[in-house]
Amino acid sequence: MPGILIYAEVQKGEIKKGAFEITSKAKQLVGDVGGEVAACIIGKDVEGLASELAKYGADKIFIVDGPEFENYVPEAYVQAFAQVASQFNPSIILTSASAQGKDFTPALAARLQVGSISDCVDLSVSSGKLVAKRPMYAGKAYAMVEAVKEPQIASVRPNSFAIEEIAGAGATEKVAVSLDSSKIKMEVKSLELAASEEPDQTEAEIIVSGGRGMKGPENFKILEDLAHTFGPTATTGASRAAVDAGWRDHSYQVGQTGKTVSPNLYIACGISGAIQHLAGMGTSKVIVAINKDPEAPIFTKADYGVVDDLFKVVPPLTEEVKKIKG
Amino acid sequence: MNTVVCMKQVPDTETLIKINPEGTGIVTEGIKWVMCPYDEYAVEEALQQKEKFKAGKVTIVSLGPDRAIEAIRTGLAMGADTAVHINDAAFYEKADPYATAAALAAAVKDLEYDAIFCGKQAIDDDSGQVPAILGELLGLPVVTLVVKLEVSEDKTKAVATREVEGGHAVVEVSLPAIFSAQKGLNEPRYASLPGIMKAKKKPVDVKTVSDLGVSVEPMTAIKEMSLPPARQAGKILEGEDAVEKAKALAKALHEEAKLI
Ligand SMILES: Cc1cc2nc3c(=O)[nH]c(=O)nc-3n(C[C@H](O)[C@H](O)[C@H](O)COP(=O)(O)OP(=O)(O)OC[C@H]3O[C@@H](n4cnc5c(N)ncnc54)[C@H](O)[C@@H]3O)c2cc1C
Ligand SMILES: Nc1ncnc2c1ncn2[C@@H]1O[C@H](COP(=O)(O)O)[C@@H](O)[C@H]1O
Numbered sequence: 067m068p069g070i071l072i073y074a075e076v077q078k079g080e081i082k083k084g085a086f087e088i089t090s091k092a093k094q095l096v097g098d099v100g101g102e103v104a105a106c107i108i109g110k111d112v113e114g115l116a117s118e119l120a121k122y123g124a125d126k127i128f129i130v131d132g133p134e135f136e137n138y139v140p141e142a143y144v145q146a147f148a149q150v151a152s153q154f155n156p157s158i159i160l161t162s163a164s165a166q167g168k169d170f171t172p173a174l175a176a177r178l179q180v181g182s183i184s185d186c187v188d189l190s191v192s193s194g195k196l197v198a199k200r201p202m203y204a205g206k207a208y209a210m211v212e213a214v215k216e217p218q219i220a221s222v223r224p225n226s227f228a229i230e231e232i233a234g235a236g237a238t239e240k241v242a243v244s245l246d247s248s249k250i251k252m253e254v255k256s257l258e259l260a261a262s263e264e265p266d267q268t269e270a271e272i273i274v275s276g277g278r279g280m281k282g283p284e285n286f287k288i289l290e291d292l293a294h295t296f297g298p299t300a301t302t303g304a305s306r307a308a309v310d311a312g313w314r315d316h317s318y319q320v321g322q323t324g325k326t327v328s329p330n331l332y333i334a335c336g337i338s339g340a341i342q343h344l345a346g347m348g349t350s351k352v353i354v355a356i357n358k359d360p361e362a363p364i365f366t367k368a369d370y371g372v373v374d375d376l377f378k379v380v381p382p383l384t385e386e387v388k389k390i391k392g
Numbered sequence: 020m021n022t023v024v025c026m027k028q029v030p031d032t033e034t035l036i037k038i039n040p041e042g043t044g045i046v047t048e049g050i051k052w053v054m055c056p057y058d059e060y061a062v063e064e065a066l067q068q069k070e071k072f073k074a075g076k077v078t079i080v081s082l083g084p085d086r087a088i089e090a091i092r093t094g095l096a097m098g099a100d101t102a103v104h105i106n107d108a109a110f111y112e113k114a115d116p117y118a119t120a121a122a123l124a125a126a127v128k129d130l131e132y133d134a135i136f137c138g139k140q141a142i143d144d145d146s147g148q149v150p151a152i153l154g155e156l157l158g159l160p161v162v163t164l165v166v167k168l169e170v171s172e173d174k175t176k177a178v179a180t181r182e183v184e185g186g187h188a189v190v191e192v193s194l195p196a197i198f199s200a201q202k203g204l205n206e207p208r209y210a211s212l213p214g215i216m217k218a219k220k221k222p223v224d225v226k227t228v229s230d231l232g233v234s235v236e237p238m239t240a241i242k243e244m245s246l247p248p249a250r251q252a253g254k255i256l257e258g259e260d261a262v263e264k265a266k267a268l269a270k271a272l273h274e275e276a277k278l279i
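Here the protein sequences line up with chains D and F, keeping their order.
Each residue of the first sequence is one higher than the last, beginning at 67 in this note's numbering.
Each residue of the second sequence is one higher than the last, beginning at 20 in this note's numbering.
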């Protein structure tokens with residue numbers, strides 16, 4: 067049963083970056099697994115997106131397209147993907163551990179009567195077997211995990227792998243799936259999506275985060291300005307203290323009971339660095355701390371630290387970044 | 020409304036994790052164990068639904084070793100009526116999300132319920148898989164990351180608001196169904212003193228996995244555990260004033276880290 071099958075998630079009519087990351091990784095791993103890299107797209111009017119997956123290494127692209135797939139409903143998507151999976155019969159299935167991927171992947175695995183390894187940050191193949199590295203205890207430990215049966219399924223944390231342009235054969239195939247609608251007991255009534263084009267914290271490359279030191283909701287504007295200056299792959303985050311104070315929505319919270327993030331750059335402003343906060347951002351590639359207390363624990367984890375009043379540091383930092391970016 | 024809450028006892032979030040010398044798991048001595056914070060929301064939601072309908076029973080189901088009884092008692096002290104403790108240390112030791120869900124499914128089968136509440140994820144393994152697998156094993160729909168729930172008067176359906184990327188989705192689901200709780204769903208109550216006293220007398224049904232007739236093997240196995248590489252404290256950027264420090268930081272991010 068060779069080959070790797072990828073779930074290529076579509077959001078707002080576009081394939082998500084995480085799908086390209088796992089396609090690129092699959093391309094690297096497939097030599098040790100044998101077979102081809104295939105991808106499956108599910109949605110409404112998604113046929114045109116197939117060529118993008120070919121660009122990053124997909125040899126085969128299965129397309130499940132229809133009005134019944136306009137909104138993500140786990141049962142419908144699981145049925146569709148399971149049919150594609152039984153047709154392609156891969157050794158490995160990879161998904162992105164996005165919000166949707168986290169909902170979809172365990173349900174898919176259970177349907178296929180296998181296990182899945184969630185939120186992995188690294189993958190390798192050793193004598194045909196997938197070995198997945200995943201954080202536990204909110205990043206305070208790592209585990210190497212293997213699956214007992216095939217298909218071996220893993221969801222991959224966004225930003226774990228670089229995207230590489232290595233073209234695959236890109237043969238497309240439309241799959242007509244037969245949905246058992248009697249099993250679909252859930253219906254999406256409405257979607258309230260923020261108009262903002264900001265990436266989700268879990269996918270952002272740069273996060274400018276604020277804590278209790280921000281003093282109030284109105285001051286987050288300076289963090290937003292800095293994030294915007296970095297560009298469209300940057301967004302803002304918050305500590306639980308800032309969220310519990312009602313200054314930011316919970317969706318911004320980073321940490322053990324918020325989002326686990328691993329951006330290229332995490333800038334913590336007025337955040338002390340409690341163990342529950344560090345757990346959620348400790349895998350960031352570069353950490354910057356701006357805090358007026360030199361004893362704040364965040365400095366023990368930061369690559370760069372500025373000991374000063376954040377309200378005096380952040381605005382000139384934004385100006386400097388603007389200058390550098392030209 | 021009758022509900023079941025799947026609840027796991029986990030290390031307190033303050034815990035510093037250490038790996039055992041064999042590299043197979045964590046050192047469990049000296050850990051303070053608590054109810055998983057997301058499961059607190061699940062218990063609270065079950066209690067609020069019972070209060071709203073002014074009828075029904077809340078049953079806690081937990082798979083865990085002897086110590087898990089403490090978290091079960093906490094749930095009973097909050098107001099849950101009864102509990103099933105699947106106490107099977109050997110099974111628990113190896114249990115992956117699939118095996119856990121299979122044990123929970125077997126325990127839940129004999130109960131009456133309109134809804135099952137879980138947490139979004141157990142903050143020890145962080146797998147976030149058990150609710151979905153449980154749904155598959157019981158043939159029930161699963162709504163994850165619920166931040167708001169309204170159950171219809173006749174308890175045949177519910178409208179749930181769930182967190183999705185970049186916003187929220189409102190879904191309608193037929194009952195019985197499984198809901199996984201996200202922060203924001205409610206504010207969990209503390210156990211009151213009378214509640215703690217009453218909890219001592221509430222029934223806890225202790226079962227082993229073989230009592231439940233479960234014979235599944237785990238689908239995934241942890242081969243090795245390790246600690247993340249220790250992060251070294253880096254450079255403190257110096258300067259005459261805050262503006263100079265900001266400039267030094269921007270320069271370091273540009274020239275050294277190459278992030279701008
Ligand atoms: C079960 C549980 C789960 C939790 N989960 C999370 C979680 O997911 N995420 C999370 O973040 N926390 C979490 N916490 C909370 C955590 O323990 C801390 O309370 C929280 O992270 C503190 O937030 P903070 O750093 O913003 O606030 P504080 O600890 O109060 O720190 C504020 C910092 O701002 C600095 N400061 C103040 N003014 C300025 C200024 N003008 N300029 C520069 N610096 C300034 C201060 O020196 C201080 O270091 C959890 C706690 C529990 C018990
Ligand atoms: N051992 C267990 N006993 C009872 N419930 C559990 C157990 N493990 C997981 N759960 C439930 O499943 C949710 C998600 O757990 P997990 O998939 O392990 O992250 C938890 O918040 C609990 O509601």
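Each hint should be verified, as a subset may be incorrect.
To be verified - Pairs of lysine to any residue residues, derived as SDA-like cross-links and limited to a Cα-Cα distance of at most 25 Å, are as follows:
hint: 1; chain 1: D; residue 1: LYS388; chain 2: F; residue 2: ASP260
hint: 2; chain 1: F; residue 1: LYS270; chain 2: D; residue 2: VAL352
hint: 3; chain 1: D; residue 1: LYS93; chain 2: D; residue 2: GLU216
Claimed, not checked - Stretch by stretch, here's where chain F covers chain D in the computed footprint (C-beta under 8 Å, at least three residues):
hint: 4; segment: 116–127
hint: 5; segment: 152–166
hint: 6; segment: 171–179
hint: 7; segment: 204–211
hint: 8; segment: 257–267
hint: 9; segment: 339–353
hint: 10; segment: 365–373
Just so you know, these hints were derived from the structure itself, not from any lab.
In this text, all values refer to a predicted model and were calculated from it rather than measured experimentally.
Using N, Cα and C, we set each Cβ at its ideal position, and we do this for glycine too.
Hints breached by this structure:
Those not satisfied come down to hint 4.
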